[in-house]
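Enquirer: Here's the letter readout for the chains.
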Amino acid sequence: DGGITQSPKYLFRKEGQNVTLSCEQNLNHDAMYWYRQDPGQGLRLIYYSQIVNDFQKGDIAEGYSVSREKKESFPLTVTSAQKNPTAFYLCASRAGLTMETQYFGPGTRLLVL
Amino acid sequence: AQKVTQAQTEISVVEKEDVTLDCVYETRDTTYYLFWYKQPPSGELVFLIRRNSFDEQNEISGRYSWNFQKSTSSFNFTITASQVVDSAVYFCALVGGGADGLTFGKGTHLIIQP
Numbered sequence: 001d002g003g004i005t006q007s008p009k010y011l012f013r014k015e016g017q018n019v020t021l022s023c024e025q026n027l028n029h030d031a032m033y034w035y036r037q038d039p040g041q042g043l044r045l046i047y048y049s050q051i052v053n054d055f056q057k058g059d060i061a062e063g064y065s066v067s068r069e070k071k072e073s074f075p076l077t078v079t080s081a082q083k084n085p086t087a088f089y090l091c092a093s094r095a096g097l098t099m100e101t102q103y104f105g106p107g108t109r110l111l112v113l
Numbered sequence: 001a002q003k004v005t006q007a008q009t010e011i012s013v014v015e016k017e018d019v020t021l022d023c024v025y026e027t028r029d030t031t032y033y034l035f036w037y038k039q040p041p042s043g044e045l046v047f048l049i050r051r052n053s054f055d056e057q058n059e060i061s062g063r064y065s066w067n068f069q070k071s072t073s074s075f076n077f078t079i080t081a082s083q084v085v086d087s088a089v090y091f092c093a094l095v096g097g098g099a100d101g102l103t104f105g106k107g108t109h110l111i112i113q114p
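As given, the protein sequences belong to chains A and B, one line each in that order. Number 100 in the numbering used here belongs to position 100 of the first sequence; there are no gaps in the numbering. Number 63 in the numbering used here belongs to position 63 of the second sequence; there are no gaps in the numbering.
Accuracy of the hints is not assured; some may be wrong.
[To be verified] With a straight-line Cα cutoff of 27 Å, these simulated DSSO-like cross-link-like pairs (lysine-lysine) come out:
hint: 1; chain 1: B; residue 1: Lys70; chain 2: A; residue 2: Lys57
hint: 2; chain 1: A; residue 1: Lys57; chain 2: B; residue 2: Lys3
hint: 3; chain 1: A; residue 1: Lys57; chain 2: B; residue 2: Lys106
[Said to hold, decoys possible] Just a sample of chain A residues kept apart from chain B, beta carbon distances all over 12 Å, derived:
hint: 4; residue: Phe12
hint: 5; residue: Asn18
hint: 6; residue: Gln37
hint: 7; residue: Gly40
hint: 8; residue: Gln50
hint: 9; residue: Val52
hint: 10; residue: Gly63
hint: 11; residue: Ser67
hint: 12; residue: Glu69
hint: 13; residue: Lys71
hint: 14; residue: Pro75
hint: 15; residue: Leu113
These aren't lab readings, by the way, just hints derived from the structure by calculation. Source: prediction; values computed, not measured. Just so it is clear, CB atoms sit at the ideal spot from N, CA and C, and this is done for glycine as well.
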């Protein structure tokens, strides 16, 4: 089955620790995205990548980093510089042009110990 | 800057009632797309519909229908004969112009009571 997988489902971070969230897709989509969702809020764009080895900051990129070494993978690292990392993180991908539909993974919930 | 407003934070209705979720958007782009997504308790966003700015025809898919009106910058979503399984958070979103990435509203939490 084609789709987007995210792991882990739950992730716990200690103070001062970097953690990496995984996102993999087998849809052969060119573009991939990371969004953050806080309780009672909509999704906000962290980073996106339209092609391999290239990525762009979104609206709330501070304290996060990404890489895009392979078309199917777009990991997100939450660094110690992100002071309020507790949130639900969703990865998405799309084919074709910018305004095509984005499809989402199941999400990772990050909690701070 | 683009903006999507979903003024209804939470709606609660009894099963079989019709319910409309409102979405108002702001954009300076002449070409843009509007979306609705459903987020059940599991958390994954499920795509429902995509509509471009040049197509104002209403759309119906089973019990779901969408009303797009450019004159009022609205893209409302109606569920007819609601069911308990419709309970979820529903998001309206926008992408336009040269920007990449969706702009989301804050979502409407829909509760369908049996």
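Enquirer: So Leu113 (chain A) supposedly isn't at the interface. Is its beta-carbon more than 12 Å from every beta-carbon in chain B?
Expert: holds, 21 Å
Enquirer: Taking the closest pair, is the beta carbon of Asn18 (chain A) still more than 12 Å from chain B?
Expert: holds, 24 Å
Enquirer: Would you check the hint for Lys70 (chain B) and Lys57 (chain A), treating anything up to 27 Å between C-alpha atoms as holding?
Expert: violated, 30 Å
Enquirer: For the pair we were handed, Lys57 (chain A) and Lys106 (chain B), check the Cα-Cα distance against 27 Å.
Expert: Holds, at roughly 21 Å.
Enquirer: For a C-alpha distance cap of 27 Å, please report whether Lys57 (chain A) and Lys3 (chain B) respect it.
Expert: holds, 19 Å
Enquirer: Checking a non-interface call: every C-beta of chain B should be farther than 12 Å from the C-beta of Glu69 (chain A). Is that right?
Expert: The claim stands: Glu69 (chain A) keeps its Cβ more than 12 Å from every Cβ of chain B (closest is about 20 Å).
Enquirer: Can we trust that Val52 (chain A) is non-interface, i.e. its beta-carbon lies farther than 12 Å from all of chain B?
Expert: About 16 Å separates Val52 (chain A) from the closest Cβ of chain B, which puts it past 12 Å; holds.
Enquirer: When you look at the beta carbon of Gln50 (chain A), is every beta carbon of chain B farther off than 12 Å?
Expert: violated, 7 Å
Enquirer: Please confirm whether Phe12 (chain A) is truly not at the interface, meaning its C-beta sits more than 12 Å away from all C-beta atoms of chain B.
Expert: holds, 17 Å
Enquirer: Just checking, Gln37 (chain A) versus chain B, shortest CB gap more than 12 Å?
Expert: violated, 8 Å
Enquirer: Please check whether the beta-carbon of Ser67 (chain A) is more than 12 Å away from every beta-carbon in chain B.
Expert: The assertion about Ser67 (chain A) holds, with a minimum of 18 Å to chain B.
Enquirer: Please check whether the beta-carbon of Gly40 (chain A) is more than 12 Å away from every beta-carbon in chain B.
Expert: Label violated. Min Cβ-Cβ 7 Å, cutoff 12 Å.
This entry does not satisfy hints 1, 6, 7, 8, going by the numbered hints stated previously.
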